[in-house]
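Here is how the chains run, residue by residue.
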Amino acid sequence: MGDVILTMKGIDKRFPGVQALSGVNLEIRKGEVLALMGENGAGKSTLMKVLTGIYKKDAGTITYEGREVEYNNPREAQEDGIVIVHQELNMMGHLTVAQNIFIGREPKNGFLIDDAKMNSDTRKLFQQLNIDINPKETMSKLTVGKQQMCEIAKAISHKAKVIIFDEPSAALTESEIEQLFKIIRNLRDQQLGIVYISHRMDEIKKITDRVTVMRDGCYVGTLITKDCTKDDIINMMVGRVIYETPKTESHVPPDAPVVLKVEHLNAGRMVQDVSFELHKGEILGFSGLMGAGRTEMARALFGADPKDSGDIYIKGEKVEIHTPEDAVRHGIGYLSEDRKRFGIVLKKSITENATLTCLPRYCKGVFIDKNKEKQVTKQYVDTLRIKTPGIDQLVMNLSGGNQQKVVIEKWLIGDSDILIFDEPTRGIDVGAKQEIYELMNRLVDEGKSIIMISSEMAEITRMSDRIIVMCEGRITGELDIKETSQEQIMHYATLRAGGSDNE
Amino acid sequence: MNKFKNLPVVRAIGFNRVVLIGVILLMYLVFALLTPVLHSGATFLKYDRILSALNYAYFIGFLGLGVTFVIATGGIDFSIGPVMFTAALVSGYCLTQYHVPLWLCLILSIVIGVLFGIINGYFVAYRFLPSFITSLACMQIAKGVGSVFTKTQSVTWPTEGNENAWFHYLVRWGDVPVGFILLCLVAAICAVVLNKTKAGRYILCIGSNKEAVRLSGVNTKKWEMLAYIICGLLAGVAAIFYVGAYTTVQPGLGDTFNNEAIAACVMGGTSMAGGLASMLGTVIGALIIALMQEGILAMGFTISYQYVITGIIVLIAVTADTLSRKRKN
Ligand SMILES: Nc1ncnc2c1ncn2[C@@H]1O[C@H](COP(=O)(O)OP(=O)(O)OP(=O)(O)O)[C@@H](O)[C@H]1O
Ligand SMILES: [Mg+2]
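Going line by line, the protein sequences match chains A and B. With my numbering as the guide, the letters of the first sequence map in order to residues 1 to 503. With my numbering as the guide, the letters of the second sequence map in order to residues 1 to 329.
Bound conformation, chain A alone (with noise of 0.2 Å):
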């Protein structure tokens, strides 16, 4: 193991109302993964922004290569040799993904912008990282994985000495992950120091050497990633063991009756003649690889976008759903995948956001009675454990997690009957990932049914009674939780139609 390159030490940062880190320290190595640990809050993105210059801290010393250093701005840092793959994407979707990532030292030709040696540097970054992304592609036509990929190579492009990743597997697809992980190895051996951070325990084992833990942004410990098991990781992260137990048989009564009903649903090309049913306090999970056209069936069904042809059921009875209002009014409540953009407000308060989908019942006439929202909200951040100084904090001020955990709340609160979660626990750690599949199980006993959307094979056998597999807009495969291996599932989530092309 290579020498000390970067120590953080006795690290404080105050936010108003929050002490985000008291007295953490950390310490990163040549030539060696680090995984940065801890919960939902825990303080890992801020102390990762304390480094790199975006927030200042309040004491604490940082040694960079022999030297003490303060960043006052993330320019700093990198040309010193530290870059930061953040959690939330920070790409400019109008531009071209070379412009992207030369945005700021664009190379010249006299004064005019040299677009020709930008395509061909980023090309040649691309297949140096074998990444199959045309660099002239307009960045928001790329999905979240590909944008992923562009960020990374970007701050690979720095010539970093320390590279930190935060979260950066949350949207990326299993093969995108394995690319990543080549990439991640090879920076090692060239005796960079690298950050990791993630709540996949599964990853940190592959791909880390190290474990630093967090909790409440205090240091926890550190661990030697190959002498150690999960539970420890888990246990010195929330003070507790967790099982994971795979579900073995369907929880629904045979009889239970059908909630909802889709029959032939088309939308545009990820949507091909889908149809199913869903029981009462069933939890129905949709399988699938990436962009195999579910969170498109959900949207479709949800009225978020429009759908060609389909009928659809609920209790028997037909219902059109053209909006999202009507859907609502139907009892069905959607949680997107994507909560910056669809799922959140953020720049309003957690209340506000909290009782989005049913403000009508928290009125008096046409004024908001805010005592009883207030009080809605306070239960609700109680029972999900959302961490939070007050909830009039701006849901901007969360942590990535507690942000997904509002999403929840907002429908919990809005009582739908038919829940459709898409990626329920992207970006969510093991504790609180825990709390919302026991919130779901309780849900479903409560006699709501879920629709659960999810990309990881383990969520998807630990919480669904029935699985649907799509690939390419169309469902390929049904299976009962008894007869499920995950084999099967991805023989169904592999199967295309003859010959088709992808892209």
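Honestly, the hints are just simulated from the structure, not real lab data. Please note that a few of the clues may not be correct.
Said to hold, decoys possible - Using C-beta positions, here's what the derived DEER-type ranges look like:
hint: 1; chain 1: B; residue 1: Phe15; chain 2: A; residue 2: Met457; range: 33 to 39 Å
hint: 2; chain 1: A; residue 1: Val319; chain 2: B; residue 2: Val308; range: 56 to 62 Å
hint: 3; chain 1: B; residue 1: Ile316; chain 2: A; residue 2: Gly447; range: 43 to 49 Å
hint: 4; chain 1: B; residue 1: Leu33; chain 2: A; residue 2: Ile113; range: 48 to 54 Å
hint: 5; chain 1: A; residue 1: Glu483; chain 2: B; residue 2: Lys222; range: 45 to 51 Å
hint: 6; chain 1: A; residue 1: Ile103; chain 2: B; residue 2: Ile316; range: 25 to 31 Å
Ideal Cβ placement from N, Cα and C applies to all residues, glycine included.
Chain A is already provided as a structure; the job is to place chain B with the ligands on it using the hints.
Chain B with the ligands in isolation, oriented as in the chain A frame:
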């Protein structure tokens, strides 16, 4: 400084607004000192000056309150000034030429404002046109309608002391600035609508993230359109206060007031990006604009200087707005 910021009064009003009130006092002082120097024999320290400045503040204030709703949704309305003029022209023409009863004319003025609000709102919310374009088109239409209806003549409403002139009392009753009371009252109502009702909540949330609000099952089109309708309605109200103060309206004008109303809004702390708005701030902003034009005239400069200064204020206010947002990120 921090101690001052944490005083209960300061927190209730908002630090920015306290600063703005300070700016008003400072401006008053500067004008009081400079007027006799620059314009010999003139004085700024007269009650009449205040009343005259207030006359200007009323209609800018009402326009500003309306456009605050629109800006809160993340949109913009460049038609309010000409719409106000058209409302005053058409209803005034009905009053003087067709002898329609005064009360009906005042209602007509408001209805005209609402109609333009509906047009703006419909195209922005239901046809997804950019509000910038829609309202510029509306501005042209408003100017045209006003000219056509009055055969390009100016309209003079009855002056004080004549028959059918009680609307002047809405602005001023003797030495009592009734208009100021009414402006504050309407601002208070607007603030309640924005902060305490369902409509206001939706409007502010739409301004922050429209798509998330839509996906929460809210009919965003309806509420977005409502903001434009309120804006139009208040432009109609502004028309009444304009003629109450100045009596005569000319066709083809009014666009300069857009900028002043929007400047009042932004100065008062309403964010051009949407989602953040302050009615009290808008009123204070209108007072600043009005005091400034009064001061400029008192010091003997032409009104053209005011355009320059308003332009500069807009630039400063919007820059401050974007800067403070950057800092928060
Ligand atoms: N700009 C801010 N203003 C106020 N509070 C903040 C701000 N940024 C973060 N916080 C608070 O600091 C704490 C730590 O947040 P941080 O984003 O570092 O968590 P995290 O460990 O990255 O969590 P996650 O796994 O959910 O991403 C949280 O309680 C959060 O609410
Ligand atoms: Mg984070």
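Hint check results:
1. Phe15/B to Met457/A: 33 to 39 Å: This hint is violated: roughly 52 Å between Cβ atoms.
2. Val319/A to Val308/B: 56 to 62 Å: holds, 60 Å
3. Ile316/B to Gly447/A: 43 to 49 Å: Cβ of Ile316/B to Cβ of Gly447/A: about 58 Å, so the range 43 to 49 Å is violated.
4. Leu33/B to Ile113/A: 48 to 54 Å: With Cβ atoms ~52 Å apart, the hint holds.
5. Glu483/A to Lys222/B: 45 to 51 Å: holds, 49 Å
6. Ile103/A to Ile316/B: 25 to 31 Å: At roughly 28 Å between Cβ atoms, Ile316/B and Ile103/A fall inside 25 to 31 Å, so the hint holds.
Of the numbered hints listed earlier, those contradicted by the structure are 1 and 3.
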